[in-house]
Structure formats: C-alpha cells, structure tokens
Amino acid sequence: MKEIFEILEQNARATPEQISTMVDKPVSEVEKIIKQAEKDGSILKYKAIINWPKLGEGDIWALIEVRVTPQRGVGFDTIAERIYQFPEVHSAYLVSGTYDLAILVRGKTMQEISSFVAEKLAPLEQVQSTVTHFLLKRYKENGETFHLPKETNKRLPITP
Amino acid sequence: MLNAKSAPTKARDNLISQKVDTLPPSGIRKFFDLLSSVEDVISLGIGEPDFVTPWHIREAGTYSLEKGYTMYTSNSGMPELRQELASYLELRYGVSYHPENEILITTGSSEGLDLALRAIINPGDEVIIPNPCYVAYPADIILAGGVPILVPTNEENNFVVRATDIEARITKQTKAILIGYPANPTGAVMSKKEADATAGLAKKYDLLVISDEIYARLVYGVEHICFPSLPGMKERTILISGFSKSHAMTGWRIGYAAAERRFIQALAKIHQYTMLSAPTMAQMAAIEALRNGESEVEKMVQEYNRRRRLMVKRLNEIGLPCFEPKGAFYAFPSIKATGMNSEEFAEKLLLEEKVAVVPGTAFGPYGEGFVRCCYATSLPSIEEALRRMDRFIRKSRLNTA
Numbered sequence: 001m002k003e004i005f006e007i008l009e010q011n012a013r014a015t016p017e018q019i020s021t022m023v024d025k026p027v028s029e030v031e032k033i034i035k036q037a038e039k040d041g042s043i044l045k046y047k048a049i050i051n052w053p054k055l056g057e058g059d060i061w062a063l064i065e066v067r068v069t070p071q072r073g074v075g076f077d078t079i080a081e082r083i084y085q086f087p088e089v090h091s092a093y094l095v096s097g098t099y100d101l102a103i104l105v106r107g108k109t110m111q112e113i114s115s116f117v118a119e120k121l122a123p124l125e126q127v128q129s130t131v132t133h134f135l136l137k138r139y140k141e142n143g144e145t146f147h148l149p150k151e152t153n154k155r156l157p158i159t160p
Numbered sequence: 001m002l003n004a005k006s007a008p009t010k011a012r013d014n015l016i017s018q019k020v021d022t023l024p025p026s027g028i029r030k031f032f033d034l035l036s037s038v039e040d041v042i043s044l045g046i047g048e049p050d051f052v053t054p055w056h057i058r059e060a061g062t063y064s065l066e067k068g069y070t071m072y073t074s075n076s077g078m079p080e081l082r083q084e085l086a087s088y089l090e091l092r093y094g095v096s097y098h099p100e101n102e103i104l105i106t107t108g109s110s111e112g113l114d115l116a117l118r119a120i121i122n123p124g125d126e127v128i129i130p131n132p133c134y135v136a137y138p139a140d141i142i143l144a145g146g147v148p149i150l151v152p153t154n155e156e157n158n159f160v161v162r163a164t165d166i167e168a169r170i171t172k173q174t175k176a177i178l179i180g181y182p183a184n185p186t187g188a189v190m191s192k193k194e195a196d197a198t199a200g201l202a203k204k205y206d207l208l209v210i211s212d213e214i215y216a217r218l219v220y221g222v223e224h225i226c227f228p229s230l231p232g233m234k235e236r237t238i239l240i241s242g243f244s245k246s247h248a249m250t251g252w253r254i255g256y257a258a259a260e261r262r263f264i265q266a267l268a269k270i271h272q273y274t275m276l277s278a279p280t281m282a283q284m285a286a287i288e289a290l291r292n293g294e295s296e297v298e299k300m301v302q303e304y305n306r307r308r309r310l311m312v313k314r315l316n317e318i319g320l321p322c323f324e325p326k327g328a329f330y331a332f333p334s335i336k337a338t339g340m341n342s343e344e345f346a347e348k349l350l351l352e353e354k355v356a357v358v359p360g361t362a363f364g365p366y367g368e369g370f371v372r373c374c375y376a377t378s379l380p381s382i383e384e385a386l387r388r389m390d391r392f393i394r395k396s397r398l399n400t401a
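These protein sequence lines map, in sequence, to chains U and Y.
Each residue of the first sequence is one higher than the one before, starting from 1 at the first, in the working numbering.
Each residue of the second sequence is one higher than the one before, starting from 1 at the first, in the working numbering.
It should be emphasised that the hints constitute simulated quantities derived from the structure, not laboratory data.
For every residue, glycine included, the Cβ atom is placed at its ideal position computed from N, Cα and C.
Wrong hints could be hidden among the right ones.
What the hints assert, rightly or not - Mimicking PhoX-like on lysine-lysine, the simulated pairs with C-alpha atoms at most 20 Å apart in a straight line are:
1. Y:172 - Y:203
2. U:25 - Y:313
3. U:154 - Y:354
As the list claims (entries may be wrong) - Calculated Cβ distances over 12 Å to all of chain Y for the following chain U residues:
4. 10
5. 98
6. 109
7. 137
With the sequences and hints as input, model every part of the structure.
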C-alpha cells in the first residue's frame, strides 16, 4: 500500500491503471485506496513543482527563525497557527534548538517580506525575536535539483 | 603484407590469430552501427541500469582519489573488500568463502568469467551453455580454447535449461556447465528444483559449474538460488559476480570470483599476469557499496519491478506474448506472430518507429523469434516505446493482411 503513495509522490499524474500494473493490484483496489487517502487527508493535494525562475518569475523567499513564548495549555500550537495563517507563510515548522519556529516566507519583493516581518510577525505578542535569512539560490527542493544540468543520458544506445 | 595499397582481400589475415580472426563479431555490434544512423531513438536495447551509481558510493570513490589511493592493491584485491564479500555471501546465501584465498576481486565480472574459463579449459574441452545466452559466453569459451556446446531453452520451460537437455549433450570432453541466472537476455530465473537437477548432473558426471550471478540481486518475488550454496556444489562451482547490476556500477569495472582455493589460485595466477589488480578506486567504492548500499539496492529493485510489470503487461497486450521474467531487467517477448524474423523486426521497428530492441539472434541461434527489451529505462520512455511498438505491429498486420 505504501508503494502506491510512493509512486504518487514521484508522479502525481500516475493513473490508477498505471499504478495497478506497477504494484500488481486490481485497479478497483488502487482507486479505493487513493480515494480513502484523499478523504482522510493522507493525500493532501496534487501539485506541480514549478521552476519559477525559469519562467522569469523571480519571487523572493526568506527563511525566518522565530523565537516565541509558548502558552499554557496549548504550547506552541496556537502561536504557530496565528503565524502560518498568513498567506505569506509558505511553510512552518516547530524545531528544536536555539529558536522555536522555522518559517518559509514568499513575497514578490524584498520590501514585501520586510513589511511582513516588521508589521505582522514581529509585533505578535508571543514573538520574542526573529532572524530573517533571504534565500540567495535554490539548489534542491522536494527532492528535485534546480541548478544541475538535466541528467543527460550517458549510456550507449545499445549494450550487451 | 602491410602495404596499404594492396587490394582488400577476403582471405584470412595471417597477422591476426586464427582464433580471433574467425571469431564472429557480436550481433549487438552490428545493430549498434545501424542504430547510430537514426536519431531520437528510444532505446530498450541497453543492458545496464539507468540509475547513476548511488551518491554515497560515488563519494567513496572520489574520497579514495583525494586520499591518494591511486596505487595497485594486492593481486587478489583489498583484504577489507574480500572480508566484506565473504560476510555478504555468508549472510545472504549461506555459503562461506575464506576471504584470504577463496575470493578474487576482478575487473568486472567479465574478467572473472574469462579467468574461470581459461583456468579450467584444456584445448578441445567442451563447455555446455544454455542458449540464448549472454553474448560473451560462447566467444569467451572459444578464446579459452574450448568448444561451446549450446543447449536450447525455450518459452515452454521459461527459458531455464532442463537437466535432461544438458545430459543429452554430455560427452567425454565435457568439462563444465556455464549458467547465468537470472539470465540475460531472457530474464529467466532458476528455481531450486531446476538448480538441484543441474547440480545432480554436475555430481554424476564430475563436471565443474561456472555460475554467473551478476543479476542475483535483481529478482522479483522469488529467492535467488546461489548455485554454490547447494549441497556439494561449493567444491565444484566457480561463482562469478560483481557490482555492475546490483549497485548500478557498470563503468567502475568491479566484480569478483569465489570458489575453493585451488580454483581461485588458478584464476589468480592468470589475473596477476594480465590484470594485476582491479581498479583501486572501484574497490574502495565497492567496500562502501557492501557496507552501506543495501537500501539503495532495494529501492532500485522496487523501481525495476514496477517497470517490469508495466512492460510485460503491455507487451502481452499489444500482441507480443511474453513469459513472466522474474529476474534481471529484460523482457524477452516472442515476435513470431508478426511473421518477421528477429533481425527484420528489430531493424524495421528501429527505422519505422525509432525504438531499439535487440534481436534475439544476437544471443545465439535459439534466440530467433524473440527480441530483448530492457526495462532499465524511465517509465515514460517505456510507455512511449510500447505505444510505438503497438502502432508498428498494427501497421505490419495491415500490410500482411
């Protein structure tokens, strides 16, 4: 069953028919498993990984370290939610170490991100401090490499 | 004789050894030249993994260069590597070899095979090989001074050689049986029962067995039978294997031979005069492969299995009946229904639909009526190749109708 999800994770467009052949299970069963996973949130969404810079769309990204004061009863969850609900926040994680939340923020300009930090994030009551790291270059994301030239075929066309 | 102006002649070139001069060129080579003339081909003709060697193994190779491991190693190979191999074979297949004198590290399993044949063959000795088989088997036997005796295998017995067919060809000159399961080009695997039957013959007629198990790790839903692990077989088997297929390391040229001491000593004697030692960098990489490569091997096997199921199913759907190959990364469908012979089929398919497959006859006379399709290529390529083959077959059906 795990294999079905591994295939979808690699290629969200794999059809139940293709998957059924690959894992040697009836199509109906594969469809059922996928439907169930969509329903119970095991599969959250199907998305494409876009190489935006290639399309000339140069979004600005920043990784922000946030130190917060946890709250009684709910720990970090409530403050985390207050932060991740902002549409600017692309990803948010609770991490161990010298800060608490690691958030990935996306904006059209550096200005946009600065204002988000200065006007939305930093003023939050539980936020003690923030450190903003602007992304300079992306090498690999979600298992896909960006800057390496596409793996060219180095194999001879026919070998014994 | 060396005058460039002299007219080309069909007569034998006396400056070239007669054995080499009369050795037929590889059937694959012929096809390679034709292939080079066509552009944008999807190739199902490549007999090697499409994965690049896992990064941690490449990194180990790079590191060894940085550290200056650029010298010869011991003739038999680095002791650490032999030790790792001994434990690996013991753990995985329950056959124990002494790392000191029962394992030889070779420059690819190809060298191991050549050494094994040269080490045991006296002029005129016969070596029995199932056919179709890997292109090098008959040639290597001939080069070693032996006589290849082909035993036909076919779809009815899933391309596994039958002991009775072997027995029918045993003569006083028979020295050894050379088997290679999982098999290139058929993808066949040998079951325990079939292996036992062959082992029985080896004992009965006092024959050696050379077991080429380079595809051992690429089996799907079945257990690989390591031939020397069968009762009484370690003492009469030379096991040949390597890292090319299991760890996607074809270009590193690293393999090994394992057998009882007297055989390994004989192989090592030739090896020390001809190869000295296998590439040091590749040996270092192989150590890393054995120590930390298992999860990558399993990942690749799982991926091959998905492609295998897709390819076999599609081949059967488009009218090229294909028995289920349970090993290696080849499907070997029959093309008899098309009315073409293997070479014709492969050539037309290449020129009309730009898909390369290898004609079964490249693997010997008993490969006629089949083509080899390798599924060690990306899923989208396999799908596209099969769409084109489907079109090709429909077209040729219309033409003959």
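Hint check:
no. : hint          : in the structure
1   : Y:172 - Y:203 : holds (15 Å)
2   : U:25 - Y:313  : holds (13 Å)
3   : U:154 - Y:354 : holds (19 Å)
4   : 10            : violated (9 Å)
5   : 98            : holds (30 Å)
6   : 109           : holds (37 Å)
7   : 137           : holds (20 Å)
In this structure, only the earlier hint numbered 4 is contradicted, and the remaining ones agree with it.
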